[in-house]
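There are 4 protein chains.
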Amino acid sequence: MDDIHRFRDDSVGYCIEDLSVGMSAVYARTVTETDIVLFSGVSGDSNPVHMNELYARGTIFKTRIVHGMLTASFLSTVIGSKLPGPGSIYLSQNLRFRAPVRAGDTVEARITVTEIIPEKNRVALKTVCRVGDKVVIEGDALVMVPGR
Amino acid sequence: MDDIHRFRDDSVGYCIEDLSVGMSAVYARTVTETDIVLFSGVSGDSNPVHMNELYARGTIFKTRIVHGMLTASFLSTVIGSKLPGPGSIYLSQNLRFRAPVRAGDTVEARITVTEIIPEKNRVALKTVCRVGDKVVIEGDALVMVPGR
Amino acid sequence: MDDIHRFRDDSVGYCIEDLSVGMSAVYARTVTETDIVLFSGVSGDSNPVHMNELYARGTIFKTRIVHGMLTASFLSTVIGSKLPGPGSIYLSQNLRFRAPVRAGDTVEARITVTEIIPEKNRVALKTVCRVGDKVVIEGDALVMVPGR
Amino acid sequence: MDDIHRFRDDSVGYCIEDLSVGMSAVYARTVTETDIVLFSGVSGDSNPVHMNELYARGTIFKTRIVHGMLTASFLSTVIGSKLPGPGSIYLSQNLRFRAPVRAGDTVEARITVTEIIPEKNRVALKTVCRVGDKVVIEGDALVMVPGR
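Residue numbers (the working numbering), protein chains in the order written: chain X, 1230 to 1377; chain D, 1230 to 1377; chain L, 1230 to 1377; chain E, 1230 to 1377.
Since the hints were derived computationally from the structure, they do not count as laboratory data.
Don't take each hint at face value.
Copies of the same chain look alike in the list, so a pair counts if it fits in one copy or across any two.
Said to hold, decoys possible - Calculated pairs, DSS-like style, for lysine-lysine (alpha carbon to alpha carbon, straight line, at most 25 Å):
| id | residue 1 | residue 2 |
| --- | --- | --- |
| 1 | 1311 | 1291 |
| 2 | 1349 | 1291 |
| 3 | 1311 | 1363 |
| 4 | 1355 | 1291 |
Produce the entire structure from the sequences given, and follow the hints as far as they go.
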């Protein structure tokens, strides 16, 4: 079973029958200045708190901060790539932004299964991003997962 | 009001006293294949539904789709850049993903003020992304806005 | 065992004791024009066969082709991320370029374990990239893998 | 010979008759954090040794390292752009990874002609990447070159 699992095609995610409450998966990444610039380019968000160091020094953040939606995207990465993974359909995501992230911070995005609704092929997920011990984003997601 | 808006310093957002229910702002953008590739790079999400055309053809989407969080980031762009704009602090965002977006689609992200809570310096926003008439993402956001 | 495996931290690759001849892993991706442009930027290779459509039309390839080293990098992606994965050290890679890849092609990069040399903590791998049934790159790699 | 080389049309490479053993060409480049992020995007390799500083600190490398195939791509840049240059066809490349490269390092990729096989229109090349005096990659390549 273990070997079969090892060769599980990573373009195939979990089926609803494979999921159980408490399952968890993580994506961790150091966010660089490059990521801020590229995200600004694709999102169009060139708000000075992200792009203008002189402006950002005058804010409560004291330096440029990472776009909240870039940090939030790491949650989507775990959901789409790992848990439940490819084949699942993202229905909703709630995000509460708790603390800023700065270039150089390493963000850990963690997804945990909190509820399975088999009659609707849905799974509820707790979604948390941390830098060290500090929660920077928390929220919940709802995903549709195929049955076998 | 419109003219004042047009010529405001775009590094200074609205104060709570300047906002009223029904005010609205938009960011619209054609999402390209390049945006998908770059967003995959910064988010780490190389889920085959975004990156592998042969895989995507076998899904209900029939072709590669845009990352939902990339589309959602356009909402954040309006909030951080236009309404309420720089100086506001993003507290929360709820997203409901209603329909897929594909390379070549032009997304309109619209923010509308729905409630002002002056004693807490907060404003509630309706947040909607459309492709043509079709709603692709809808939700709500809560933002803290400085007073004068 | 299966559940433990499912939550195997994907920042931890296989140990030499976990590997056996015939194990295999894949990364598949549609190569876009964007990938060609970005790879040209990071590699410095702006050879006209990749970047100049008018020039490329006059070559045996008839259109711009993907940089061979970009296609080859997908092999490295499988080795570094999946098999043997993080913690392994890439010692060598031989590449034979068999056929061109063009923008829009979906490349499948497959790694297969061909030999295990436990006394040296090394594993030999067959490394093949295909577009459909056609082999575009083939070769071998040697990787050092930690013991338990 | 040097002057001729300097003013050659850079979309026209050497013909087999123009090459002689010992000819050499170089591409040198400082590899930045941006290059690592962009290469991760186009290759799909977001292995934590490249992308997660906290993880990388716990490895023998002590910090994030550059993808080996990004460094190797500089060899391809010399071959495709300078020696033999445009019009040549890359047949094979052997790579031995000798030492890590880190963001901020300046890599010199050097190609030297080691053998000419005129009856097959092929040329053998020694391919070496250095950071300062340290060899980081070495290997050999075989290239097909047009005749006059």
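Results of checking the hints against the structure:
no.: 1; hint: 1311 to 1291; result: between (35 Å within a copy, 22 Å between copies)
no.: 2; hint: 1349 to 1291; result: between (46 Å within a copy, 23 Å between copies)
no.: 3; hint: 1311 to 1363; result: within (23 Å within a copy, 29 Å between copies)
no.: 4; hint: 1355 to 1291; result: neither (31 Å within a copy, 30 Å between copies)
When each numbered hint is compared with the structure, a violation occurs for hint 4 only.
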